[in-house]
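Note that the protein sequences, when read in sequence, are chains G and R.
Note that the working numbering numbers the first sequence so that position 119 is 119, with each residue one more than the last.
Quick note: to get the working numbering, add 207 to the position in the second sequence (first position is 1).
Treat the hints as calculated values from the structure; they're not laboratory data.
Please read these numbers as outputs of a predicted model, since none were measured by experiment.
Just to be clear, a hint being listed does not mean it is correct.
[Claimed, not checked] No farther apart than 30 Å at their CA atoms in a straight line, the calculated lysine-lysine pairs in the DSS-like style are these:
| id | chain 1 | residue 1 | chain 2 | residue 2 |
| --- | --- | --- | --- | --- |
| 1 | R | K343 | G | K175 |
| 2 | G | K175 | G | K192 |
| 3 | G | K138 | R | K343 |
| 4 | G | K192 | G | K138 |
| 5 | G | K192 | R | K254 |
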Amino acid sequence: MSDDPNDPERLRWDAERVARARAGDRAAFAELYRAYAPAVFARVLLPKLGNREAAEDALGETFRTAFERLDGYEARNVSLYFWLARIATNKALDMHRARATTGRALASFENLVAPLGETPPDPAELFELRGDTVRVQKAVRDVLERLNPRYRRAIELRFVEDLGREECATALDVKLGTFDVLILRALRAFRKEWASVVGEEPPSDAG
Amino acid sequence: MTPDDEEPTAEELEEAERLARALERGHAPGGVPEDALGAAALLRFSKDGGALEPERAERILEEALSRARPPVSKPRRRYTLLGLLGLAAAGAAAFLLVVKTQAPEAAALLPSPPRELLEAQLAAATAKDLDEQTAKNTALAALDDQTARYRGVLYATLRERYGR
């Protein structure tokens with residue numbers, strides 16, 4: 001099956017599973033989930049929420065809602081993916097609205113990655129997530145190269161090597177509080193440099 | 208002196224602490240510097256492009272389906288259209304019934320003028336060209352008489368139909 005979301009073969013594949021899932025076949029729905037959940041997660045939810053735990057919760061909610069409302073879905077010659085992406089966008093918005101109550105730390109970065117890809121992305125690349133990752137990784141490397149070495153090191157320790165705060169502070173030979181300030185400044189410097197190297201789109205409603 | 212050598216302000220210290228908490232726990236009840244948090248989220252995303260671990264993905268699906276209600280059956284579009292057409296037909300029928308019951312009674316069938324009246328009218332019309340006054344008077348008197356008769360028949364018909 002082609003990666004093009006509107007490829008006739010994919011549409012037939014969608015339609016067959018949607019019909020079975022409507023009749024209560026959960027295995028058919030699971031097939032749809034396995035086909036589309038990775039793209040909904042990586043392309044919609046994570047960039048809108050910036051928080052993996054929240055994005056996973058939103059993914060579950062997206063597919064729960066989709067299952068319950070599957071009977072109202074009409075294909076209109078486009079893949080089920082776009083219907084799921086719309087539900088996911090609404091779930092992300094709901095989470096942003098509930099932030100004051102839940103206290104969840106959410107931060108959209110979709111406006112940062114948007115300049116790296118076409119908008120909307122080339123249909124044939126929609127499910128090819130590897131290409132996105134490679135582009136983002138290259139841009140991150142380019143931006144890190146432009147930071148002062150101390151900021152770059154702090155970011156690499158915390159986000160590339162994935163060390164805890166204490167370990168990072170020890171590695172840099174600073175107090176924990178000093179490291180916290182250092183990483184805040186480093187992230188702000190990174191963002192500023194990203195905007196000048198890659199670009200940054202105006203924040204969307206979900207940010 | 209690099210920028211990170213500058214002494215942090217009290218506000219910056221507070222922001223740094225909130226950011227540290229948010230990055231570790233994913234929660235920040237008092238708010239969080241979103242610009243830095245967004246950059247951190249992007250850096251984390253860049254490691255694996257937001258890949259979902261298959262096992263974790265399966266657990267999310269199981270939990271979602273365990274909470275899901277059975278799919279809600281909505282009437283399909285063609286049934287909706289049929290329903291709307293049915294409603295429209297019922298509305299039209301009701302309208303016709305109301306219009307019919309409120310319509311005025313059928314008009315009375317009035318008698319046609321008798322042949323005598325038409326002949327009297329013809330005689331009176333031709334008599335006006337005559338020189339003789341008596342002939343004119345006779346024709347007009349005959350017309351009056353026929354008109355009065357016809358009027359009487361007409362009024363009788365109307366009284367019979369409308370009762371007044």
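Can you confirm whether the C-alpha distance between K343 (chain R) and K175 (chain G) stays at or below 30 Å?
At roughly 138 Å apart (the allowed maximum being 30 Å), K175 (chain G) and K343 (chain R) break the hint.
Would you mind confirming whether the straight-line C-alpha gap from K192 (chain G) to K254 (chain R) stays at or under 30 Å?
holds, 20 Å
30 Å limit on alpha-carbon distance, applied to hinted pair K175 (chain G) and K192 (chain G):
Distance of about 26 Å is within 30 Å: holds.
Need the status of pair K192 (chain G), K138 (chain G): alpha-carbon distance at most 30 Å?
Cα-Cα ~17 Å, so holds.
Is it true that the CA of K138 (chain G) sits at most 30 Å from the CA of K343 (chain R)?
violated, 122 Å
Consistency with the previously given hints fails for numbers 1, 3, ordered from lowest to highest.
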